[in-house]
Amino acid sequence: MTTHAIGDDEHFAGSLKLFISVWVWLLLLTGFEVFLGYIQLPVIYMLVILLGASIIKAALIVAYFMHLRFERLNLVLTIVPAVVICICLMLLVFFPDSFRSKGLRYQGAAEPAAESH
Amino acid sequence: MATEAQAISSDWGGGALPYRVGHRKLGMWLFIMSDSLTFSALLIGYAYLRASNVWPTPFKFYPSIVFSSVMTLVLLSSSLTMVMAVSASSRGQRSTARKWIIATAVLGVTFIVLHSIEWRHLISEGLTPFQLPAEWAAKWPGATPLFGATFFGITGMHMFHVATGCIYLLIVAGRVNKLKHEDVEISGLYWHFVDLVWMFVFPMIYLLSIYPKK
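Top to bottom, those sequences are chains A and B. Throughout the first sequence, residue numbering follows numbering that gives the first Met the number 0, covering 0 to 116 in sequence. Throughout the second sequence, residue numbering follows numbering that gives the first Met the number 0, covering 0 to 213 in sequence.
Honestly, I wouldn't trust all of these hints.
[Claimed, not checked] To give an idea of the chain A side of the interface with chain B (calculated C-beta under 7 Å), a few residues: (1) F31; (2) E32; (3) F34; (4) P41; (5) Y44; (6) P80; (7) V82; (8) C87; (9) M89.
[Said to hold, decoys possible] Derived Cβ-Cβ restraints for the label pairs, each shown as a range: (10) K16(A) with L72(B): 16 to 26 Å; (11) V47(A) with N176(B): 24 to 34 Å; (12) F69(A) with H120(B): 14 to 24 Å; (13) R174(B) with C87(A): 32 to 42 Å; (14) I84(A) with P17(B): 31 to 41 Å.
[Stated by the list, open to error] Partial selection, computed: residues in chain A whose CB lies under 10 Å from chain B: (15) V61; (16) A81; (17) V92.
The set of hints was computed from the structure by calculation and includes no laboratory data. Quick caveat, the model's predicted, so the values are computed rather than measured. Beta carbons: idealized from backbone N, C-alpha and C, even for Gly.
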């Protein structure tokens, strides 16, 4: 059985132009997020758009800067689905309860007691 | 034994490395998986508290958001310099790689300094992990005092990772001639992960807590 050293002779895929264009895209997406903060959309729109932009930025970083796009598919399939499923499970457990407890929130002394929940 | 070797060889495609990455790099990926779940849990916990409580939105566009945007720019730029380091290392240009790694660590230290200034500003206003400044408590009646706990907890955890990353990078820079290219790549993986986490912390903590215009 032959084994070969990984690392020393491994070619690092991706050109300088590619990395700079990814960096520019990351800056543009960040600028877009800050612009949304400046114009102040309703919080639910902000949440959805900001999370969407953050996921795109995370995907760019993982794919190009962390080189995952150039790795074997079995490594990608080992890493990505497991993390995504675990995060979805955490969301599934927490979020319904956070909306339930929203109805139990402290209203503050200055607010009327009859305010709808 | 020959039969066993042949069986292993056929199962694993002729090599001992089924993912075509070294064991240390695979170990770093597994660490990143576990650490990403740690940060996910922190951010989901923050979202839970935020959804179920009156939550202050104290960050004014200027200076807080502009300041944190500069911090984001610094961290994104450090990722680019780290990619340059890994690229130079893959071509065998060790001294160039060292310079880029040091540039990355310097940008990391810059991020820590900027973040410390932000922390000091908030602490001087009266924010602690379990207490809001009196001005905020008056502005948002009934707001949970846990704002400080989530803010300092999440950004502090991230800053700890940046600080650890700077030390790690400086060690790699010092030993770059003795290390393999894959070791430089592994340090890059860690650094990009720290950058990735900030891509969620910045919008969730800062941009969703902007002081209302009206």
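Structure-based check of each hint:
The closest approach between the C-beta of F31(A) and any C-beta of chain B is roughly 11 Å, which is over the 7 Å cut-off, so the hint fails. Annotation: E32(A) was flagged as interfacial toward chain B, and the flag holds, the nearest CB pair being 5 Å apart, inside 7 Å. A hinted interface residue such as F34(A) counts as satisfied when its beta carbon comes closer than 7 Å to some beta carbon of chain B; here the least separation is about 10 Å, so the hint is violated. With 7 Å as the threshold, the beta carbon of P41(A) stays out of range of chain B, its nearest partner Cβ sitting at about 11 Å, so the hint is violated.
A hinted interface residue such as Y44(A) counts as satisfied when its beta carbon comes closer than 7 Å to some beta carbon of chain B; here the least separation is about 11 Å, so the hint is violated. Residue-level restraint check for P80(A) is violated (minimum Cβ-Cβ distance to chain B is 11 Å; threshold 7 Å). Interface hint status for V82(A): upheld, as the beta-carbon distance to the closest one in chain B is roughly 5 Å, under 7 Å. The interface hint given for C87(A) is violated, since its Cβ lies 10 Å from the closest Cβ of chain B, which is over the 7 Å cut-off.
Hint status for M89(A): holds, given a least beta-carbon distance of 5 Å to chain B, under 7 Å. Range check, K16(A) to L72(B): Cβ separation about 21 Å, and the 16 to 26 Å hint holds. Taken as a hint, the range 24 to 34 Å is violated for the pair V47(A) and N176(B), whose Cβ atoms sit roughly 49 Å apart. Here the CB-CB span from F69(A) to H120(B) is close to 42 Å, at odds with the stated 14 to 24 Å.
At about 40 Å, the beta-carbon gap between R174(B) and C87(A) stays in the expected band of 32 to 42 Å. Roughly 21 Å separates the CB atoms of I84(A) and P17(B), a value that falls outside the hinted 31 to 41 Å. Interface hint at V61(A): satisfied, since its Cβ lies 7 Å from the closest Cβ of chain B, which is below the 10 Å cut-off. Among the interface hints, the one on A81(A) holds; its C-beta lies about 7 Å from the nearest C-beta in chain B, closer than the 10 Å criterion.
Proximity of V92(A) to chain B holds as hinted, the smallest CB-CB distance being about 9 Å (cut-off 10 Å).
Consistency with the previously given hints fails for numbers 1, 3, 4, 5, 6, 8, 11, 12, 14, ordered from lowest to highest.
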